[in-house]
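Colleague: Turn these sequences into a full structure, and let the hints guide you.
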Amino acid sequence: MTVNDLVEKFALQTAAGEKGLDRLVKSGYCGDLLSDVMANAPEGCVWLTIQSHQNIIAVAVLREMACIIITGGHTPDADAIDKAGKEGIPLLLWPGSAYTLAGSIYTAGIK
Amino acid sequence: MTAFKKSFNIKKRDFVRAGEASINVQNILKSLNMDHKLIRRIAICGYESEMNVVMHGGDGILTVEINTGKIILDIEDNGDGIENIELAMQKGYSTATEEHREMGFGAGMGLPNMKANSDILSVESEKGKGTQVHMEFNVSAD
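Going line by line, the protein sequences match chains U and B. Residue numbers 23 to 133, in the numbering used here, belong to the letters of the first sequence in order. Residue numbers 438 to 579, in the numbering used here, belong to the letters of the second sequence in order.
A hint or two may mislead.
For lysine to any residue, the following SDA-like pairs were computed, each having C-alpha atoms within a straight-line distance of at most 25 Å [claimed, not checked]:
1) 48/U / 539/B
2) 474/B / 119/U
3) 467/B / 65/U
4) 552/B / 62/U
5) 48/U / 504/B
To give an idea of the interface, some chain B residues facing chain U are shown, with a C-beta separation under 8 Å as derived from the structure [claimed, not checked]:
6) 451
7) 480
8) 481
Everything labelled a hint here was simulated from the structure, so no lab data went into it. Beta carbons: idealized from backbone N, C-alpha and C, even for Gly.
Modeller: Structural data, given as structure tokens:
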């Protein structure tokens, strides 16, 4: 499944990083503590978080993630959008809870 | 013999550019076709030390040195310093501010993550004078 498949399947809004939409999604991770995510998020994952500031982009680049989904209706700040575009990390938005979306993505086959 | 050495400036409270030094180091190591797991370990250590400088350190410099058998990361800053290094090494201990915590930092995992992912970690610090962090990563021959 690609990031674009996730966007279409779950009607996610793309805030930035469109050029990375063809990346493969291999697994998932949920977390809002950046050190925990930095230590444990798997490569190629979709990362669900409520953090919406620019530092999430560096974490995603360094962990070689497929994309970030900001959950709970939080909106990314302008610096985050700029950085995601520059690094080609898709920054996606979901209005509901991380729990619900994680369950749906898991059920769709990303384990 | 040092094959390659490069330094990057880190600025106090510059959350906008925070992480860029580590991303640069990661790109250099990737371009050299270094081992993937090794790059990930160095990325974790670089990022954690960079964030420590941004949050506590004042201005600093991150230097990467690539040798035949090992890679070295040195991070020096002129910031607050660490009062009790032993305590700072403990998982969960943090001196982060409320602002840092709201951003998802301050879990007290920075130095423990660095220790877990480096082959050698040494921290020298004096309160009020700054901190020097030295990390080494062994590069296997295969």
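Colleague: The structure should be examined with respect to each hint, and the outcome stated for every one.
Modeller: Okay, the hints, checked on the actual structure:
no.: 1; hint: 48/U / 539/B; verdict: 29 Å, violated
no.: 2; hint: 474/B / 119/U; verdict: 32 Å, violated
no.: 3; hint: 467/B / 65/U; verdict: 15 Å, holds
no.: 4; hint: 552/B / 62/U; verdict: 15 Å, holds
no.: 5; hint: 48/U / 504/B; verdict: 33 Å, violated
no.: 6; hint: 451; verdict: 11 Å, violated
no.: 7; hint: 480; verdict: 4 Å, holds
no.: 8; hint: 481; verdict: 6 Å, holds
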